[in-house]
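In this text, residue positions in the sequence shown follow this note's numbering: the first is 138, and each later residue adds one.
It is worth saying that the hints were derived from the structure and are not from the lab. Positions of the beta carbon are idealized from the N, C-alpha and C atoms, including for glycine. Keep in mind that the hints are not guaranteed to be accurate.
Stated by the list, open to error - For each label pair, taking beta carbons as the anchor points, the in silico distance ranges come out as:
(1) Asp370 with Ile349: 51 to 59 Å
(2) Glu415 with Leu263: 16 to 24 Å
(3) Ala158 with Glu392: 44 to 52 Å
(4) Pro290 with Glu139: 17 to 25 Å
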Amino acid sequence: MELGVIGLGRMGRIVVDRVLARDHDVVAFDVDPEAVADAADAGAEPADSVADLAERLGDEKRIWLMVPAGDAVDAALDDLEPHLSGEDVVVDGGNSHFEDSVRRAEATEAAYLDCGTSGGPAGAELGFSLMVGGPAWAYDELEPVFDAVATGPAGHDRMGRSGAGHYVKMVHNGVEYALMQAYGEGFELLHEGRYDLDMESVARTWNNGAVIRSWLLELCEEAFREEGSDLGDVADHVAGGSTGTWTVQEALAQEVPMPLVYAALSERFNSRATGHGEGRFSRRLANRLRYGFGRHEIARQGE
């Protein structure tokens with residue numbers, strides 16, 4: 138296949154590299170010329186604008202947007218609009234709100250696939266988990282690309298009509314918040330409890346056969362190995378929160394109780410009232426975990 142990729146940041150570049158590795162062709166564009174040049178060095182065909190990218194793709198365009206959620210997606214679609222037809226397919230692989238995806242699907246002449254993407258920078262080696270919403274024919278058409286970008290055929294699926302992909306990803310992120318909070322509270326009790334424990338050893342032992350083993354727990358092990366059992370100078374300050382907020386708002390709208398997700402979101406917001414001090418161990422671990430799976434900046438005490 139030939140795929141156009143707009144947005145060559147950390148995640149977009151992974152899409153480019155994994156698609157190229159499966160012997161598909163890529164036309165790449167980003168507002169940063171250096172990012173375009175780097176993609177060209179990796180084997181992509183460079184484009185100097187959205188219009189140039191669309192022209193290089195020919196009659197049946199397959200385009201993947203990996204730009205920040207919000208205005209950047211709408212701006213890219215505005216630039217693409219004169220070049221799209223009903224035979225084309227556009228994938229939004231960012232963290233867009235599902236209602237925005239429904240609106241864009243209705244307004245875009247091309248088939249629009251909203252693609253929730255999970256896996257973070259580790260996806261460069263392992264592949265992503267892809268949750269896709271939109272027309273079935275468009276999903277089927279892009280399956281070779283999804284196979285390349287995901288962990289394989291089992292790592293992606295069509296969740297339903299437009300909006301379903303980003304809806305499932307939104308709830309995924311709410312679950313992620315609650316899991317991070319649960320691990321944080323457990324390790325906080327161990328840290329403050331009766332025994333002088335090696336937290337890396339605890340995490341490693343739990344990760345080998347225990348019921349609660351997971352990739353997040355592997356990242357806990359990594360955090361304690363690199364920061365120490367007391368997490369060093371990692372601050373009680375947890376950034377992010379938009380997708381968790383959307384999850385709670387949707388739970389309220391659907392009258393579905395989500396006390397664990399709500400509590401985790403509240404803890405995240407409350408962490409910001411403490412400044413960048415030592416504070417709660419559980420929230421310091423959550424801060425470090427965000428670096429582990431997303432390479433988000435680690436807030437440090439005193440910064």
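Here's how the hints hold up against the structure:
no., hint, in the structure
1, Asp370 with Ile349: 51 to 59 Å, "violated (27 Å)"
2, Glu415 with Leu263: 16 to 24 Å, "violated (34 Å)"
3, Ala158 with Glu392: 44 to 52 Å, "holds (46 Å)"
4, Pro290 with Glu139: 17 to 25 Å, "holds (21 Å)"
Checked against the numbered hints given earlier, the structure breaks hints 1, 2 and satisfies all the rest.
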